[in-house]
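Engineer: Residue numbers (numbering that gives the first Met the number 0), protein chains in the order written: chain Y, 0 to 727; chain P, 0 to 165.
Hint data in this document are derived by calculation from the structure and do not stem from the laboratory.
Just so you know, not all the hints are guaranteed correct.
Residues from chain Y that keep clear of chain P, each with C-beta distances beyond 10 Å, as calculated [as the list claims (entries may be wrong)]: (1) Ser141; (2) Ser173; (3) Val183; (4) Asp217; (5) Arg220; (6) Gly257; (7) Gly373; (8) Gly536; (9) Glu629; (10) Leu633.
Covered stretches of chain Y (chain P as the covering partner; in silico rule of three or more C-beta atoms under 8 Å from a C-beta of chain P) [what the hints assert, rightly or not]: (11) 189–198; (12) 656–664.
Keep in mind it's a predicted model, so treat the numbers as computed, not measured.
A virtual CB, placed ideally from N, CA and C, is assigned to each residue, including glycine.
Here is what each chain is made of, one letter per residue.
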Amino acid sequence: MRPALRRTSDGDDVTAPGNPSLGNNPRLDRWVSMCADGRVLVRSGKVELGQGVLTVLAQIAADELEVDPARVVMVPALTDASPDESYTAGSLSVQHSGGALRQVCARVRTLFLDAVAARWDVPADDLRIDDGTICAPDGRRSSYWELSGEVALDQDAAGAGARPAGVRRSVGRSLPRLDVPDKVAGRRRFLHDLRPPGLLFGRVVRPPSRGARLLTVDDARARAVPGVVAVVRDGSFLGVLAEREESALRGLEALRAGCTWDQPGTLPDELDLAAFLVGAPAQTVVLHEDGPDGDGPDGDEPPAADVRTIRARFTRPFLAHASIAPSAGIAQWDDGRLRVWTHSQGVYNLRTEIVRSLGLPPEDVVVQHVEGAGCYGHNAADDAAYDAVLLARTVPGRPVQVVWTRADELSWGPLGPAMVVEVEADVDASGQVRRWRHDVWSNGHSARPGGPSASPPLAAMHVADPAAPVPSTDPPLKNGGGSGRNAVPGYAFPRQRVRSHVLTTMPLRTSALRALGAHLNVYAIESVVDELALACGADPVEYRLGLLTDPRAREVLVAAAERAGWSSPLEDPAGTRGRGVGVARYKNTGAYCAVVAEVEAESSVRVARLTIATDVGLVVNPDGVVNQIEGGALQAVSWTTKERVRFDTHQVTSQDWEQYPILTFSEVPPVDVVLLDRPDQPSLGAGETSIGPTAAAIGNALRAAIGVRVGSLPLSAENVVAAMDASS
Amino acid sequence: MSAAPAAEPVRLHVNGVEHDVVCDPDTPLLYALRNDLGLVGAKFGCGLGLCGACNVLVDGHPTHSCDTPVWAVAGKRITTVEGLGQDGRPHRLQETFVEAQALQCGYCTSGMIVTAAALLEREPEVDEAGVRRALDGNLCRCGAHNRIVRAVLCARPCAGRATGTT
Numbered sequence: 000m001r002p003a004l005r006r007t008s009d010g011d012d013v014t015a016p017g018n019p020s021l022g023n024n025p026r027l028d029r030w031v032s033m034c035a036d037g038r039v040l041v042r043s044g045k046v047e048l049g050q051g052v053l054t055v056l057a058q059i060a061a062d063e064l065e066v067d068p069a070r071v072v073m074v075p076a077l078t079d080a081s082p083d084e085s086y087t088a089g090s091l092s093v094q095h096s097g098g099a100l101r102q103v104c105a106r107v108r109t110l111f112l113d114a115v116a117a118r119w120d121v122p123a124d125d126l127r128i129d130d131g132t133i134c135a136p137d138g139r140r141s142s143y144w145e146l147s148g149e150v151a152l153d154q155d156a157a158g159a160g161a162r163p164a165g166v167r168r169s170v171g172r173s174l175p176r177l178d179v180p181d182k183v184a185g186r187r188r189f190l191h192d193l194r195p196p197g198l199l200f201g202r203v204v205r206p207p208s209r210g211a212r213l214l215t216v217d218d219a220r221a222r223a224v225p226g227v228v229a230v231v232r233d234g235s236f237l238g239v240l241a242e243r244e245e246s247a248l249r250g251l252e253a254l255r256a257g258c259t260w261d262q263p264g265t266l267p268d269e270l271d272l273a274a275f276l277v278g279a280p281a282q283t284v285v286l287h288e289d290g291p292d293g294d295g296p297d298g299d300e301p302p303a304a305d306v307r308t309i310r311a312r313f314t315r316p317f318l319a320h321a322s323i324a325p326s327a328g329i330a331q332w333d334d335g336r337l338r339v340w341t342h343s344q345g346v347y348n349l350r351t352e353i354v355r356s357l358g359l360p361p362e363d364v365v366v367q368h369v370e371g372a373g374c375y376g377h378n379a380a381d382d383a384a385y386d387a388v389l390l391a392r393t394v395p396g397r398p399v400q401v402v403w404t405r406a407d408e409l410s411w412g413p414l415g416p417a418m419v420v421e422v423e424a425d426v427d428a429s430g431q432v433r434r435w436r437h438d439v440w441s442n443g444h445s446a447r448p449g450g451p452s453a454s455p456p457l458a459a460m461h462v463a464d465p466a467a468p469v470p471s472t473d474p475p476l477k478n479g480g481g482s483g484r485n486a487v488p489g490y491a492f493p494r495q496r497v498r499s500h501v502l503t504t505m506p507l508r509t510s511a512l513r514a515l516g517a518h519l520n521v522y523a524i525e526s527v528v529d530e531l532a533l534a535c536g537a538d539p540v541e542y543r544l545g546l547l548t549d550p551r552a553r554e555v556l557v558a559a560a561e562r563a564g565w566s567s568p569l570e571d572p573a574g575t576r577g578r579g580v581g582v583a584r585y586k587n588t589g590a591y592c593a594v595v596a597e598v599e600a601e602s603s604v605r606v607a608r609l610t611i612a613t614d615v616g617l618v619v620n621p622d623g624v625v626n627q628i629e630g631g632a633l634q635a636v637s638w639t640t641k642e643r644v645r646f647d648t649h650q651v652t653s654q655d656w657e658q659y660p661i662l663t664f665s666e667v668p669p670v671d672v673v674l675l676d677r678p679d680q681p682s683l684g685a686g687e688t689s690i691g692p693t694a695a696a697i698g699n700a701l702r703a704a705i706g707v708r709v710g711s712l713p714l715s716a717e718n719v720v721a722a723m724d725a726s727s
Numbered sequence: 000m001s002a003a004p005a006a007e008p009v010r011l012h013v014n015g016v017e018h019d020v021v022c023d024p025d026t027p028l029l030y031a032l033r034n035d036l037g038l039v040g041a042k043f044g045c046g047l048g049l050c051g052a053c054n055v056l057v058d059g060h061p062t063h064s065c066d067t068p069v070w071a072v073a074g075k076r077i078t079t080v081e082g083l084g085q086d087g088r089p090h091r092l093q094e095t096f097v098e099a100q101a102l103q104c105g106y107c108t109s110g111m112i113v114t115a116a117a118l119l120e121r122e123p124e125v126d127e128a129g130v131r132r133a134l135d136g137n138l139c140r141c142g143a144h145n146r147i148v149r150a151v152l153c154a155r156p157c158a159g160r161a162t163g164t165t
C-alpha cells in the first residue's frame with residue numbers, strides 16, 4: 000500500500016502560508032552557518048539544474064549579510080542537512096528560496112549586530128558591516144567569523160526585515176556563475192563524473208516495449224563478458240554490474256540478446272493522436288468561470304444573428320526532455336543504510352519515494368544532489384537513481400553508478416504530454432468578444448516521485464511485485480495548474496469558461512516538462528486573438544493593447560514591439576517572411592513576457608529572429624535572466640518547429656538524435672532580450688516565461704507569412720502543407 | 000578490421016603524455032579517458048557520434064571519442080579539453096566561454112570548446128556562419144547557442160582581448 004502524501008506537486012506546499020520554504024524550515028541554522036575561516040555556508044533546498052540558481056541565491060545571501068559573494072559557499076542539497084524546499088520546479092526558486100534566504104540572512108545579520116552591540120555597550124544602529132567585519136564608530140572591530148561560535152542560530156527566522164533596495168550591492172549585477180570555471184576546464188563536477196572508490200558500473204535492460212513482460216532470460220553470455228560481476232533480475236527489471244564501463248555495456252547487449260518477452264501492443268495511433276486524446280476516458284474540471292455561461296441569451300446578449308463563433312483546434316505531440324546527458328544515479332548500501340547521489344529536482348521527495356517503495360525507515364536513507372545536465376522538468380533522474388538503488392542492493396558496500404542509454408532516455412523518460420486545445424470565441428458585429436471558451440485535453444502534467452499521486456519510479460513498475468502505474472495528475476490551478484497552465488486568458492473577455500479534460504489512462508508516461516500546459520495554451524489563445532485582430536483589420540499589437548488591462552503586460556508588449564521595429568514594414572523581398580507577436584504572464588501569476596518573431600517559410604519554417612521583452616520583477620542577475628529567457632525561447636523554437644515523439648503500437652521509436660532532431664546552431668535565430676527592471680517588485684522566475692509567447696509569436700508570424708493558420712505542432716512541412724490544403 | 004585480444008596494454012598519447020592503458024582494445028576512447036586516465040572533460044551523450052559531447056582532438060581533428068576504439072588511436076596525438084591550455088594557462092576559448100557565460104548546464108561545453116579549438120586552428124578568421132556550421136554536430140539543449148557563437152568569435156586572434164559579459 001502506497002500512502003498519499005501531504006505535499007502538492009510542483010514546489011508548492013499547502014500547509015505553509017506566505018513563503019512555504021521558510022514556513023517549512025524556519026530555523027536559521029538550517030540555512031546559514033558562519034565558519035571561523037571566513038566562509039559563509041549557505042544551504043538551499045533548491046538545486047542547480049543548469050539554470051544558475053545557486054549563483055543567484057549566493058548573491059541574495061551576500062547582500063543581506065553584507066559580505067562579498069566570494070565568501071559564500073553554496074552547499075548542494077542533502078537530506079537532513081538542507082532545508083526541505085520540495086522540488087526545484089515551477090520557476091519558483093528565486094521567489095521561495097531567495098525570499099527565505101533574504102529573511103534568514105537579514106535575521107542572522109541582526110543577531111550578530113545585537114551581540115556586538117551588547118558586548119561593547121553601543122547602540123546596534125551605530126555599527127556597520129563591511130564584508131562581514133562589524134565596525135564600531137570608535138574603531139573597534141569584530142566579525143561574523145570571530146563570533147561564529149558565540150551567536151546561536153538555533154532559532155527561528157522571525158523578525159527582521161530584508162534590506163531596502165538602496166543598499167543592494169550584489170543583487171542587480173551580472174555576477175559570473177559559480178560553476179562555469181569548472182565546466183569550461185572539464186573538471187569533475189557532474190554526477191556522471193563521480194568515481195567513488197570501489198565503483199561498479201550498472202546498466203539496465205529496459206523492456207523492448209511499454210507493456211512488455213520478461214518471460215525468460217539466458218544470461219550466460221552476459222556473465223561470460225570479462226569484467227561483468229553480476230546479473231540482477233527482479234521480475235521484468237533486469238540489470239548488469241561490471242568493474243568496467245565498457246564491460247557493463249557489452250553485458251547489457253549480451254543480456255538483451257538473451258531475453259524473450261511477452262509484448263502486447265498498448266499504445267494509441269500516433270497518426271491520430273488528437274482523436275485518442277479527445278476520446279479517451281478523462282476527468283473534466285472547470286478551471287475557471289467568469290460570468291454567466293448558459294446557452295440562452297442573458298441581459299446584454301446581442302441578437303444571435305449578429306454573433307459569429309470562431310472555433311479553432313490546436314494540438315501538440317508528446318515531447319521529450321532530450322537533455323544532452325542521459326540520466327544517471329549512484330547508490331551505495333552499507334549495513335542496511337542507503338546513500339544516493341542524484342540529479343533529481345527534489346532530494347527529499349526522492350527519499351520519500353525510495354522509502355515508500357522499499358519500506359525503509361527514512362533515517363536510513365540519505366540523498367544528495369549532484370549536478371547533471373540541463374533539467375527541463377521531471378526527467379528520468381529519479382528513475383535512474385532508483386535503478387542504482389536496486390542494483391546496488393545486490394552488492395552491499397560497493398557504490399553503483401547507472402547511466403541510461405540515449406535510446407532509453409528518449410523513449411523511457413517521462414514525456415511532456417501531448418495536448419489538444421479547442422477555443423471558441425463568440426464575436427459580435429463590432430469585433431468584440433462576447434463569450435470565450437477554452438477546453439484542453441491532455442494527460443496530467445505531474446507524476447513526480449514523492450508527490451500526492453504516489454507515482455512510482457520506473458523500475459518499481461517492472462519488478463516482480465510491481466507498483467501499479469498511476470496516471471499523472473495536474474497540480475491545482477492556484478499552484479499554476481498543469482494542462483490548464485495559462486489556459487485562462489490574460490485578456491478582458493466576458494463570460495469565460497476554461498475546462499481541462501485530464502486523461503485517466505496513460506499509455507505513455509507523462510510528467511512535467513518546462514512550462515507544462517502553457518506552451519500550447521498560450522499558442523492557442525494568442526493564435527485566436529490574432530485571428531480576431533485580423534478579422535477586424537486591427538494591428539495585432541494595438542488589438543491586444545485594447546484588451547490588456549494589466550499595465551505590466553502592456554509594457555512588455557510595447558517594449559518588444561518597439562525593439563523589434565514593429566511599426567516599420569518587414570523587409571520581405573522574396574515574399575516568404577512574416578512577423579508575429581505573442582504575450583503572456585506565466586502561470587497568470589509569474590513573470591511577464593512578450594515576443595516578436597520573424598519567420599521565413601519556404602521548404603520549411605525557419606525562425607529568423609526573436610525580440611523579447613520581459614518583466615521578472617526585481618532582477619537579481621541580469622545576465623542570468625537573459626540567459627534563461629534566451630534558452631527558454633530557443634527550446635520553444637525547437638519544440639514548436641521540429642519536435643515530435645514518434646511511436647508505434649508498442650514503443651517510442653524516436654530513440655536517437657536522428658529520429659528526434661533538436662534545433663542546431665545553423666537553425667538558431669538571433670535573440671534580442673529587453674529586461675524591464677522593477678526593483679520595487681518581488682523577483683519572479685525567468686526559466687519558463689518565454690516558452691508560450693515564443694511559440695505563439697512563431698505561429699502568428701507563420702500565419703502572416705503564408706496566410707494560413709497552422710494549429711498542429713510542430714510547424715513541420717507536413718503540418719503546414721496539411722493546413723494549407725485544408726484552407727483551400 | 001579486427002582488434003587484437005586484450006593482453007597487451009594500449010599506448011595512448013594524451014595531452015602530451017604517454018599512457019599505457021590495460022583494456023580491451025575495442026574499448027571506446029571515451030571510457031579509457033574518463034575511467035583509466037581520470038580525464039572526465041569529454042562526456043557521454045549518445046554513444047553514436049551524433050551529439051559531440053564526447054569530442055576530443057585526434058591529431059588535431061575533432062573526433063567522437065564515444066565510438067572510436069582505443070586501438071584506432073594508439074600512437075596518435077589525442078587532446079582533451081583538459082589539455083588545450085598551455086603552460087598552466089587556459090586556452091583562449093576557455094576564457095571567452097567564461098566572459099560570455101556561454102553555457103547553462105555545461106554538459107556540452109567540453110565538446111563545444113574542443114570542436115571550436117580545432118576550427119580556430121584551421122580557420123582563425125572564420126565568420127559567424129562558419130562557426131555555426133562547424134558546431135552543427137554539437138548539440139546544446141539549454142539554448143546557449145548564441146552565447147557559444149559569441150565566445151568562439153571573441154576567441155579569434157583578430158578579436159583582440161577586449162571582450163566582456165553584458
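Engineer: Give a verdict on every hint.
Structural biologist: Right, here's what the structure says about each hint:
1. Ser141: At roughly 36 Å from the nearest Cβ of chain P, Ser141 (chain Y) sits farther out than 10 Å, so the non-interface label holds.
2. Ser173: Per Cβ check, Ser173 (chain Y) is inside 10 Å of chain P; nearest 6 Å; violated.
3. Val183: The claim is violated: Val183 (chain Y) sits with its nearest Cβ about 5 Å from chain P, within 10 Å.
4. Asp217: holds, 23 Å
5. Arg220: holds, 16 Å
6. Gly257: holds, 20 Å
7. Gly373: violated, 4 Å
8. Gly536: holds, 36 Å
9. Glu629: violated, 6 Å
10. Leu633: violated, 3 Å
11. 189–198: holds (count 4)
12. 656–664: holds (count 6)
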